[in-house]
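S.K.: Each chain, letter by letter, is given below.
2 protein chains.
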Amino acid sequence: MSKIPIEKNLFCLPWTQTLLGTHVQGRVNYMALDWLTRVNYNPAMLGICVNKGHASNQAIRETGEFSVNVPTVDMVEVTDYCGIVSAKRDDKSKLFEVFYGELKAAPLITACPLNIACRLIQTVDLPTNTFFIGEIVIILSEEQYLSDGKPDVTKMRPFLLTMPDNRFWSVGEHIGNAWKDGAKYREKLKI
Amino acid sequence: MSKIPIEKNLFCLPWTQTLLGTHVQGRVNYMALDWLTRVNYNPAMLGICVNKGHASNQAIRETGEFSVNVPTVDMVEVTDYCGIVSAKRDDKSKLFEVFYGELKAAPLITACPLNIACRLIQTVDLPTNTFFIGEIVIILSEEQYLSDGKPDVTKMRPFLLTMPDNRFWSVGEHIGNAWKDGAKYREKLKI
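Going down the list, the protein sequences come from chains A and B.
Sequential numbering of the first sequence, starting at 1, is according to our numbering.
Sequential numbering of the second sequence, starting at 1001, is according to our numbering.
Since the hints were made in silico from the structure, they are not lab data.
Backbone N, C-alpha and C fix where the C-beta goes; we use that ideal spot for every residue, glycine too.
Any given hint might turn out to be false.
[Said to hold, decoys possible] Result set (BS3-like, lysine-lysine): computed pairs, CA atoms no more than 27 Å apart in a straight line:
| no. | chain 1 | residue 1 | chain 2 | residue 2 |
| --- | --- | --- | --- | --- |
| 1 | B | K1184 | A | K94 |
| 2 | A | K52 | A | K104 |
| 3 | A | K3 | B | K1094 |
| 4 | B | K1008 | A | K104 |
| 5 | A | K94 | B | K1190 |
| 6 | B | K1052 | B | K1088 |
| 7 | A | K155 | B | K1008 |
| 8 | A | K88 | B | K1188 |
| 9 | A | K52 | A | K94 |
| 10 | B | K1155 | A | K8 |
| 11 | B | K1150 | B | K1184 |
| 12 | A | K150 | B | K1003 |
| 13 | B | K1094 | A | K188 |
| 14 | B | K1104 | B | K1052 |
| 15 | B | K1094 | A | K190 |
| 16 | B | K1180 | A | K88 |
| 17 | A | K88 | B | K1190 |
| 18 | B | K1150 | B | K1104 |
| 19 | B | K1180 | A | K52 |
| 20 | B | K1104 | A | K8 |
| 21 | A | K88 | A | K52 |
| 22 | B | K1188 | A | K94 |
| 23 | A | K3 | B | K1155 |
| 24 | A | K188 | B | K1088 |
| 25 | B | K1052 | A | K180 |
| 26 | A | K104 | B | K1003 |
| 27 | B | K1094 | B | K1052 |
| 28 | A | K180 | A | K155 |
| 29 | A | K3 | B | K1150 |
| 30 | B | K1180 | B | K1190 |
| 31 | A | K184 | A | K150 |
| 32 | B | K1003 | A | K155 |
[What the hints assert, rightly or not] Residues from chain A shown here face chain B by an in silico Cβ test under 10 Å; the list is partial:
| no. | residue |
| --- | --- |
| 33 | T37 |
| 34 | V39 |
| 35 | V70 |
| 36 | D80 |
| 37 | I121 |
| 38 | T128 |
| 39 | L140 |
| 40 | F159 |
Given the sequences, and given the hints that come with them, work out the whole structure.
M.R.: Structure follows, in structure tokens:
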């Protein structure tokens, strides 16, 4: 073993690429969002991390609402565009057709196979970023992306980002089954 | 468009599979961890979500330390085993060879290509889960997993989990480049 220290921001874990939807001063806006996770099972909550300098950060504070939309591999360029252009300079409001559920400041992108609308319930301020915790109000998809009534990653075809090499990746092969492969391993341990 | 509502826990986003390392009453323990994200850029922080019923939850509260280890696709079975067996019933302490940095309750798994040691700085209690925010004290890897001194996902070969279909996935093809593909799109918009 020869373990070596890595600079603390050189993570290189694959994160699922999403598009954060907000209303910035009444105008629809999008931001490429990779730092997010589920944070509570019941009720279902999502936590997202937004740099304090981003227009989306102020927007969420003001409206108390946001959306998380999952683009497909066919949307790589436009998604990345949302990540490199600031709402402070460019109007991104016309990039996508959107629709709304109950939350009127959480724009849902029609072209995305999965749309999640969240109501802000807690704001955790950290030094350079804010972690916003939202309760999921609704998740929407379409029949074409489902198998047995559940979203199917092979049909949705989301993509991943690794940093700081800044590469996008598709989801690869199905290599195992959770809650099953571990049971097999447990049997082996007993032998 | 015919969007349909999806049950709020049927997410099906791919999360990178990791192994949470803690000391439970002085004994090394592991838990399969999928709900995690970066939460602050500088200083580098990681947020992890642990169900309140898990032994790891109490362990982090008691020691104020934890590790996040990234297994490879070759470790699917043993990783899943850590997710289906509770420390309250089975001793998982002998599963892996471990080493330690500065934090003596953050066991780092030698076999994992990426090891992250965190010191707890904030605890966010939610209804069924706890979101622990840790400052990254050190990240370790090995020369064989790096390209240009940075962790390379094609060499580390981490894997992903989607729920509730409970399938593990490898990382797929390199399909684009962040901060570049968006610039191309911007040029197209100008035409």
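S.K.: None of the hints should be skipped; say for each whether it holds.
M.R.: Consistency of the hints with the structure:
no.	hint	verdict
1	K1184(B) with K94(A)	18 Å, holds
2	K52(A) with K104(A)	23 Å, holds
3	K3(A) with K1094(B)	21 Å, holds
4	K1008(B) with K104(A)	19 Å, holds
5	K94(A) with K1190(B)	14 Å, holds
6	K1052(B) with K1088(B)	13 Å, holds
7	K155(A) with K1008(B)	19 Å, holds
8	K88(A) with K1188(B)	21 Å, holds
9	K52(A) with K94(A)	24 Å, holds
10	K1155(B) with K8(A)	19 Å, holds
11	K1150(B) with K1184(B)	26 Å, holds
12	K150(A) with K1003(B)	13 Å, holds
13	K1094(B) with K188(A)	15 Å, holds
14	K1104(B) with K1052(B)	23 Å, holds
15	K1094(B) with K190(A)	14 Å, holds
16	K1180(B) with K88(A)	20 Å, holds
17	K88(A) with K1190(B)	18 Å, holds
18	K1150(B) with K1104(B)	26 Å, holds
19	K1180(B) with K52(A)	23 Å, holds
20	K1104(B) with K8(A)	19 Å, holds
21	K88(A) with K52(A)	13 Å, holds
22	K1188(B) with K94(A)	15 Å, holds
23	K3(A) with K1155(B)	15 Å, holds
24	K188(A) with K1088(B)	21 Å, holds
25	K1052(B) with K180(A)	23 Å, holds
26	K104(A) with K1003(B)	17 Å, holds
27	K1094(B) with K1052(B)	24 Å, holds
28	K180(A) with K155(A)	23 Å, holds
29	K3(A) with K1150(B)	13 Å, holds
30	K1180(B) with K1190(B)	16 Å, holds
31	K184(A) with K150(A)	26 Å, holds
32	K1003(B) with K155(A)	15 Å, holds
33	T37	4 Å, holds
34	V39	5 Å, holds
35	V70	7 Å, holds
36	D80	3 Å, holds
37	I121	9 Å, holds
38	T128	5 Å, holds
39	L140	4 Å, holds
40	F159	6 Å, holds
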